[in-house]
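Work the whole structure out from these sequences, hints included.
Chains as they are written, first to last, in the working numbering: chain A, 1 to 322; chain B, 1 to 253.
Quick caveat, the hints were computed from the structure, so don't treat them as lab data.
Errors might be hidden in some of the hints.
[Stated by the list, open to error] Derived lysine-lysine pairs resembling DSS-like cross-links, with alpha carbons at most 27 Å apart:
#1 K32(B) to K136(B)
#2 K136(B) to K177(A)
#3 K92(B) to K113(B)
#4 K123(B) to K92(B)
#5 K177(A) to K123(B)
#6 K136(B) to K75(B)
#7 K177(A) to K115(B)
#8 K11(B) to K177(A)
#9 K92(B) to K109(A)
#10 K32(B) to K69(B)
#11 K136(B) to K315(A)
#12 K109(A) to K75(B)
#13 K177(A) to K113(B)
#14 K130(B) to K177(A)
[To be verified] If you want the ones that stay clear, here's a sample from chain B, every Cβ over 12 Å from chain A, calculated:
#15 S61
#16 K75
#17 A80
#18 M97
#19 M183
#20 K204
From the three backbone atoms N, C-alpha and C, an ideal C-beta is built for every residue, glycine too.
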Amino acid sequence: MVVEMRRKAIVLIVLVLIFLVLPFLVSGFWVRLVTGIFMFAILASALNIIAGFTGYAAFGNMIFFGVGAYTTAVLMNKLKFPFFTSLILSGGVAVLLAIVLGLLLLRLKGHYFALATLGAAEAMHQIVNNLTDLTGGGQGMSLPQMRGSPFVLNLFFYFLMFFFLVLITFLVWRLSKNRLGYAFKAIRANEEAASVMGINTTYYKIYAWSLSGLFTGFTGAIYAYWFTYIDPPTVFDVMMVVKMFVIILIGGAGTVFGPIIGAFILESISELVWAKFINLHLGILGTIIMLVVIFMPNGIIDLVTKKRSFKGIIKYLRENKL
Amino acid sequence: MSDGNIILLGKGVTRTFGALRAVWNVDFEVIKGEILGIIGPNGAGKTTLLSMINGTLPLTSGSIRFKGKEISGLKPHRIAELGIARTFQIVKPFPGMTVLENVSIGALFGREKLKNVREAQEKTEYILEKVQLEDKRDVAVENLNVSERKRLELARALAMGPELLLLDEVMAGLNPTEIERIMELIVQVNNEGTTIMVIEHVMKAIMGISHRIMVLHHGEKIAEGSPREITNNEQVISAYLGERYVKKRQGVK
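Structure follows, in structure tokens:
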């Protein structure tokens, strides 16, 4: 047990060190690519808190991304706020939204909840689209550009995303062991039994969604400043949530490192397929997703944690009559 | 008996589902430190009554007081915090978690609200020993058999440190040896100071452990008393065995 924990710790430290020096060794293209992967890893980890741990498939999680992005854009553009103030306020707005929406929607279960969140996200999309004076409407919104050489800008966003990735990973790791995480997992397993055992389910569900919204909102804010231009269809894009779910599925739902591994795998494959077979892009991705779901329903992390061999997978398939 | 000894007091407790009177105008009291057995034919309203006590089902009318405090209308988690724990007839374990994790939820969120997971697990170990699941502590709950699941359900309720424990058919589906074991366990928990309300179909078991018995039939309370009084009560016999049997019995006398 202790040996294994030490080994895990060493692997983690080495990985962190690699990512700390990486941007100094590779070209700007790769730095931006890895920054994008970090972004998806944060988004997927955030979704993992509500969907993986608590069992609520928040299909509308893009609402926090969009609201985070637009809060930062409006604050920086109209009120001339500095970036970091806007970033923190964006997180705050996302949490407030999660609390209000949570009070309304978290009484729904299963696909009803999923659909309702989707509806909420679409409604917010349209609201932002029509508040032309504030948000620029369909034309989108430009943000003040950060000053500095492209090299410095790349480093800035790389390390900012990396910081939030480390932060959320630490948080989810704590969740896998602490009291709060127990409450989330109990709600996922059986909500009625959880409440009978003294868990205030409404409170903890909103807590989970707020955490999820906080990090999604932060990421949206960073995205806006990074790309310096946002418009409603991009930041409220449902396909982004679909991608997050795929990442969680590939990596392993309800695990700490699953979403990160998933983000790296999906984004690498996606980049590769995109470059080589542009016409077959979605088809190949779809095939990969189906293969993962059939052969590794608990995600790739299962291969690592359960030490499942190829033979083991075949045996599993036989047992499940596939 | 003085009011101070009554831990749970129900007045005119009623629950209807449309035209069905699941529980109709039932008055009851549970005395601190006793084991109160609830019996009655299928559909008599026993589980409905328990669900109203622990808040999973709202009352249509009436009131339930726990230690003098009105609890009808409170959310289940508030009632759990006050010190009422229950088990379900159809067990509801938390899949995806080990036995130890399942039970420690009781210690973390029950009456004591322990803040620290390690502390909760230490307390849990002791309860697992009590229900003889200690060698299964790290097993995923999906891999438990019926008897183990029933004991897990009991362990989770005990981990909440309840003052009043509601047991809904914890013996159903068990073999005689297992029933014997769980009976001993219930008596032991009661001796340690927990008041218990128990629903059971295994007559020998419930008559053996209960201090008092309450009989429900078609949602109404038809009898209450010591196990001996209940077994001789004509109304109870007729509810269970039919009126013809009672007439025949009287004829023989």
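Comparing the hints with the structure gives:
1. K32(B) to K136(B): violated (33 Å)
2. K136(B) to K177(A): holds (20 Å)
3. K92(B) to K113(B): holds (21 Å)
4. K123(B) to K92(B): holds (21 Å)
5. K177(A) to K123(B): OK: K177(A) and K123(B) at ~17 Å, within 27 Å.
6. K136(B) to K75(B): violated (32 Å)
7. K177(A) to K115(B): holds (12 Å)
8. K11(B) to K177(A): violated (44 Å)
9. K92(B) to K109(A): holds (18 Å)
10. K32(B) to K69(B): This hinted pair holds, its Cα atoms lying about 15 Å apart.
11. K136(B) to K315(A): holds (25 Å)
12. K109(A) to K75(B): Judged against 27 Å, a Cα distance of about 18 Å means the pair holds.
13. K177(A) to K113(B): Measuring from Cα to Cα gives roughly 16 Å; hence the hint holds.
14. K130(B) to K177(A): Roughly 25 Å separates the two Cα atoms, so the pair holds.
15. S61: Given that every Cβ of chain A is farther than 12 Å from that of S61(B), nearest at about 23 Å, it holds.
16. K75: Answer for K75(B): violated, closest chain A Cβ roughly 7 Å.
17. A80: violated (4 Å)
18. M97: At roughly 6 Å from the nearest Cβ of chain A, M97(B) sits no farther out than 12 Å, so the non-interface label is violated.
19. M183: holds (24 Å)
20. K204: holds (29 Å)
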